[in-house]
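2 protein chains.
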Amino acid sequence: MGKGNMKKVLVFGSTGSIGKNSLDVIRQSQGKFNVVGLCVNRDIKNLQRQIKEFSPAYVCVVDQRCADKLEKNLDNKIRLFKGEKGLQKFSTIKTDISVMGISGISCLRPLLINLQYSKRIALANKETIVVAGLFVFKLAKKFGTEIIPVDSEINALFQLFNNIKRDFSKVYITASGGALIDYKKQDLKKIGIKEVLSHPNWRMGRRITVDCATLVNKAFEVIEVHRFFGVPYKEIGVTVHRESVFHALVEFKDSTVFSCCYPPDMKIPIAYALHYPRRAPSVRGGSFDKKFSLSFEPVNYNRYPLFKMVLDAAGKDDNSLIILNACDETVVDYFLAGKIKFTDIYKVMNYIFSNYPSKRLRRIEDIFYWDQWARTKTKEYLLNSGFRVKGQGSRKKNIFTKNQKSGIKL
Amino acid sequence: MGKGNMKKVLVFGSTGSIGKNSLDVIRQSQGKFNVVGLCVNRDIKNLQRQIKEFSPAYVCVVDQRCADKLEKNLDNKIRLFKGEKGLQKFSTIKTDISVMGISGISCLRPLLINLQYSKRIALANKETIVVAGLFVFKLAKKFGTEIIPVDSEINALFQLFNNIKRDFSKVYITASGGALIDYKKQDLKKIGIKEVLSHPNWRMGRRITVDCATLVNKAFEVIEVHRFFGVPYKEIGVTVHRESVFHALVEFKDSTVFSCCYPPDMKIPIAYALHYPRRAPSVRGGSFDKKFSLSFEPVNYNRYPLFKMVLDAAGKDDNSLIILNACDETVVDYFLAGKIKFTDIYKVMNYIFSNYPSKRLRRIEDIFYWDQWARTKTKEYLLNSGFRVKGQGSRKKNIFTKNQKSGIKL
Numbered sequence: 001m002g003k004g005n006m007k008k009v010l011v012f013g014s015t016g017s018i019g020k021n022s023l024d025v026i027r028q029s030q031g032k033f034n035v036v037g038l039c040v041n042r043d044i045k046n047l048q049r050q051i052k053e054f055s056p057a058y059v060c061v062v063d064q065r066c067a068d069k070l071e072k073n074l075d076n077k078i079r080l081f082k083g084e085k086g087l088q089k090f091s092t093i094k095t096d097i098s099v100m101g102i103s104g105i106s107c108l109r110p111l112l113i114n115l116q117y118s119k120r121i122a123l124a125n126k127e128t129i130v131v132a133g134l135f136v137f138k139l140a141k142k143f144g145t146e147i148i149p150v151d152s153e154i155n156a157l158f159q160l161f162n163n164i165k166r167d168f169s170k171v172y173i174t175a176s177g178g179a180l181i182d183y184k185k186q187d188l189k190k191i192g193i194k195e196v197l198s199h200p201n202w203r204m205g206r207r208i209t210v211d212c213a214t215l216v217n218k219a220f221e222v223i224e225v226h227r228f229f230g231v232p233y234k235e236i237g238v239t240v241h242r243e244s245v246f247h248a249l250v251e252f253k254d255s256t257v258f259s260c261c262y263p264p265d266m267k268i269p270i271a272y273a274l275h276y277p278r279r280a281p282s283v284r285g286g287s288f289d290k291k292f293s294l295s296f297e298p299v300n301y302n303r304y305p306l307f308k309m310v311l312d313a314a315g316k317d318d319n320s321l322i323i324l325n326a327c328d329e330t331v332v333d334y335f336l337a338g339k340i341k342f343t344d345i346y347k348v349m350n351y352i353f354s355n356y357p358s359k360r361l362r363r364i365e366d367i368f369y370w371d372q373w374a375r376t377k378t379k380e381y382l383l384n385s386g387f388r389v390k391g392q393g394s395r396k397k398n399i400f401t402k403n404q405k406s407g408i409k410l
Numbered sequence: 001m002g003k004g005n006m007k008k009v010l011v012f013g014s015t016g017s018i019g020k021n022s023l024d025v026i027r028q029s030q031g032k033f034n035v036v037g038l039c040v041n042r043d044i045k046n047l048q049r050q051i052k053e054f055s056p057a058y059v060c061v062v063d064q065r066c067a068d069k070l071e072k073n074l075d076n077k078i079r080l081f082k083g084e085k086g087l088q089k090f091s092t093i094k095t096d097i098s099v100m101g102i103s104g105i106s107c108l109r110p111l112l113i114n115l116q117y118s119k120r121i122a123l124a125n126k127e128t129i130v131v132a133g134l135f136v137f138k139l140a141k142k143f144g145t146e147i148i149p150v151d152s153e154i155n156a157l158f159q160l161f162n163n164i165k166r167d168f169s170k171v172y173i174t175a176s177g178g179a180l181i182d183y184k185k186q187d188l189k190k191i192g193i194k195e196v197l198s199h200p201n202w203r204m205g206r207r208i209t210v211d212c213a214t215l216v217n218k219a220f221e222v223i224e225v226h227r228f229f230g231v232p233y234k235e236i237g238v239t240v241h242r243e244s245v246f247h248a249l250v251e252f253k254d255s256t257v258f259s260c261c262y263p264p265d266m267k268i269p270i271a272y273a274l275h276y277p278r279r280a281p282s283v284r285g286g287s288f289d290k291k292f293s294l295s296f297e298p299v300n301y302n303r304y305p306l307f308k309m310v311l312d313a314a315g316k317d318d319n320s321l322i323i324l325n326a327c328d329e330t331v332v333d334y335f336l337a338g339k340i341k342f343t344d345i346y347k348v349m350n351y352i353f354s355n356y357p358s359k360r361l362r363r364i365e366d367i368f369y370w371d372q373w374a375r376t377k378t379k380e381y382l383l384n385s386g387f388r389v390k391g392q393g394s395r396k397k398n399i400f401t402k403n404q405k406s407g408i409k410l
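Those protein sequences? They're chains X and H, same order as listed.
Numbering follows this note's numbering, in which position 327 of the first sequence is assigned residue number 327; successive positions increment by one, without gaps.
Numbering follows this note's numbering, in which position 44 of the second sequence is assigned residue number 44; successive positions increment by one, without gaps.
Simulated from the structure, these hints should not be mistaken for lab results.
These numbers were taken from a predicted model, which means no experiment stands behind them.
Don't take every hint at face value.
It does not matter which identical chain is used: a pair holds within one copy or between any two.
Lysine-lysine pairs mimicking BS3-like chemistry, simulated, CA-CA at most 25 Å apart [as the list claims (entries may be wrong)]:
no., residue 1, residue 2
1, K316, K85
2, K185, K69
3, K347, K190
4, K52, K72
5, K170, K119
6, K253, K165
7, K138, K184
8, K45, K20
9, K290, K170
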């Protein structure tokens with residue numbers, strides 16, 4: 001089959017977990033997809049391998065130094081986009097499908113641009129929906145762009161809603177409980193990075209794995225369910241399901257429950273998003289020919305105070321979730337750099353969440369403003385409030401002046 | 001609401017397990033259904049209570065003596081149908097919905113007649129589909145009659161297929177494994193009636209509970225799946241799921257599985273069949289707010305030789321399943337009467353299945369012929385082949401003459 005019949009694909013974050021899995025799916029779907037563009041932050045070593053295999057016409061490296069380094073060895077038939085500005089240009093490439101595998105809020109700008117140039121977004125990023133869902137869906141509607149969620153729980157629900165009539169009374173997403181589910185609460189302060197990153201079922205990026213352990217990730221997914229499908233919060237439940245085989249369930253008012261399951265392998269929802277509305281053939285299958293057990297139990301909310309905090313934020317101000325997400329991204333980076341303790345994540349987020357000015361959002365740029373604001377405040381707080389931040393002294397001080405708390409202009 | 005707006009319902013087998021559950025559902029759905037007719041075999045004591053509560057216009061008692069007994073005390077505004085002939089007349093009552101709760105092959109004649117007079121059959125009986133599925137569906141199509149399966153596994157699959165696109169690669173129904181799943185094979189010959197009737201999850205009729213323990217019931221359901229939905233046998237799997245919460249699963253070719261579950265309570269599928277296409281409100285719900293575990297494991301076919309035998313029969317001659325069903329009904333009656341051992345069920349069925357003449361079916365009456373033939377042969381074999389049949393001597397003798405084995409005319 002000629003490349004003309006193949007679907008053009010851009011992969012944002014091609015050397016990350018989602019990116020690699022996407023390229024695996026594309027490799028296994030020979031003749032169906034043509035990788036026209038690859039975009040990474042820094043990992044030019046793996047990018048070079050991917051370029052060799054997939055021969056994209058466009059490549060983007062966001063980190064300027066890495067971009068310059070790559071440029072020297074790059075075939076001059078390939079167009080290279082460099083830095084943040086380059087990422088924005090890369091996002092204007094017309095394509096059939098874009099895989100959005102960039103993690104965190106960094107995905108928002110390329111997504112908002114690319115929504116206007118791509119026919120379909122395979123969206124793995126959840127922060128964009130959590131902090132800017134309204135903008136994202138409005139833009140997608142305006143440009144007729146399909147958004148297919150790749151995140152397993154949201155993907156499973158998308159699959160269910162794509163089939164069933166919507167006369168349900170409750171929707172459940174499952175939570176593995178994360179790496180720390182069997183630790184006692186009092187032992188959490190001693191937990192190291194390695195323990196937190198030992199997710200029982202999924203191999204994912206580092207930040208999302210930490211967010212699984214705090215259940216911030218699950219609270220984000222509840223918000224995604226609300227934003228994607230318009231399900232009221234009181235009709236969204238979470239059940240702890242350690243085996244991560246079932247991803248979403250829909251309960252009808254007669255007690256019947258429909259559910260969607262697949263083995264915990266991101267290639268399955270990625271293949272779904274790429275092949276939709278068809279289904280990709282799998283070598284696996286026969287899941288229920290084997291012997292296995294599954295468990296379901298309610299979430300112990302007392303054990304996961306950040307779950308409640310994030311959902312409280314969802315029902316609060318326009319900027320609450322932006323603040324919490326930026327704070328979470330920052331503080332998790334500090335934890336992953338070995339600079340603070342696991343339990344400090346909650347402490348810092350709780351402080352920031354108790355001390356931010358409530359503001360309405362009028363335009364997309366406001367999101368970036370509050371994101372930056374919260375990152376700065378989080379770092380200041382970390383430096384000034386007695387947390388053990390490697391290589392720096394610490395002292396306690398209230399970093400919020402009265403003026404800042406109430407008077408920042410948009 | 002006046003009775004004019006209510007759906008008219010006939011309940012066949014109203015004092016049996018399905019019948020009672022149906023009347024419970026109707027009682028809970030006040031103002032929706034009007035019970036116009038009740039039909040029982042013998043249990044006039046419970047029937048009288050039901051008449052008092054539901055004031056049906058028509059009543060049918062199949063057992064002649066019981067019918068005569070009831071007649072003496074019956075309000076003369078109620079029309080009574082008596083005996084087998086009466087049942088056939090009762091089956092011609094025009095109605096919106098008929099609940100077919102008669103067990104065994106006895107359901108076939110009323111079903112075939114009633115299909116022409118009812119708009120919808122809520123079908124709990126499986127023997128009719130197993131032995132006469134082709135006739136039943138042909139007739140239903142001709143008269144535009146809906147058949148909604150009530151049997152939980154088939155009902156769950158009906159619900160799934162009623163929603164999903166049919167691009168599946170495999171269908172699974174679940175099996176509780178029956179009351180004897182944890183007994184060793186060598187201990188089965190000592191098993192008594194009480195043990196066999198102690199089904200872990202479902203309260204059902206006595207024969208079906210025995211059929212659960214032998215897995216004959218599950219083999220019948222596999223045949224039902226084939227007949228109801230046209231799924232090829234090689235695409236139908238069975239998974240032992242002791243908790244009976246999940247009833248059916250559909251696996252797509254990308255390894256995604258959709259499933260349908262509800263608590264093991266027959267009122268749920270009955271309510272589904274009565275309220276369809278709406279869903280009945282339930283007081284329950286929130287199933288996944290609780291803590292529980294589920295298990296799935298492959299069927300140990302070696303442990304359930306009758307499962308294989310019934311499925312072998314499905315792929316064999318036109319009359320194979322009629323023979324096996326009639327033999328099963330007869331021999332289970334003997335077991336339930338304490339006349340033979342549990343393990344004799346297999347022995348007798350194996351003998352009959354190895355010694356019947358293969359014949360084509362040309363008309364519906366052929367079904368009744370072979371049903372009767374197999375019952376007679378089974379009883380003869382039981383009497384003459386050394387089984388302990390209470391109150392009668394036994395001697396071994398080949399009951400099939402060469403002529404009978406090959407030459408019975410239809």
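Each hint tested on the structure:
Within a single copy, K316 and K85 get their C-alpha atoms no closer than 33 Å, and across copies no closer than 71 Å, so neither meets the 25 Å cut-off. For the homomeric pair K185 and K69, neither the shortest alpha-carbon distance inside one copy (46 Å) nor that between copies (71 Å) is at most 25 Å. In this assembly of identical chains, the alpha carbons of K347 and K190 lie at most 25 Å apart only when taken from the same copy (15 Å versus 65 Å across copies). Only within a single protomer do K52 and K72 lie at most 25 Å apart by alpha-carbon distance; the minimum there is 15 Å, versus 93 Å between protomers.
With identical chains, the CA atoms of K170 and K119 are never at most 25 Å apart, being 31 Å at best within one copy and 32 Å at best between copies. Taking the shortest alpha-carbon separations for K253 and K165, both the intra-copy value of 12 Å and the inter-copy value of 22 Å come in at or below 25 Å. In this assembly of identical chains, K138 and K184 lie within 25 Å of each other by CA distance neither inside one copy nor across copies; the values are 44 Å within and 63 Å between. Taking identical chains as interchangeable, the C-alpha atoms of K45 and K20 lie at most 25 Å apart only when both belong to the same chain, with a minimum of 13 Å there against 71 Å between chains.
For a Cα distance limit of 25 Å, the shortest separation of K290 from K170 across copies, 14 Å, qualifies, whereas the shortest one inside one copy, 30 Å, does not.
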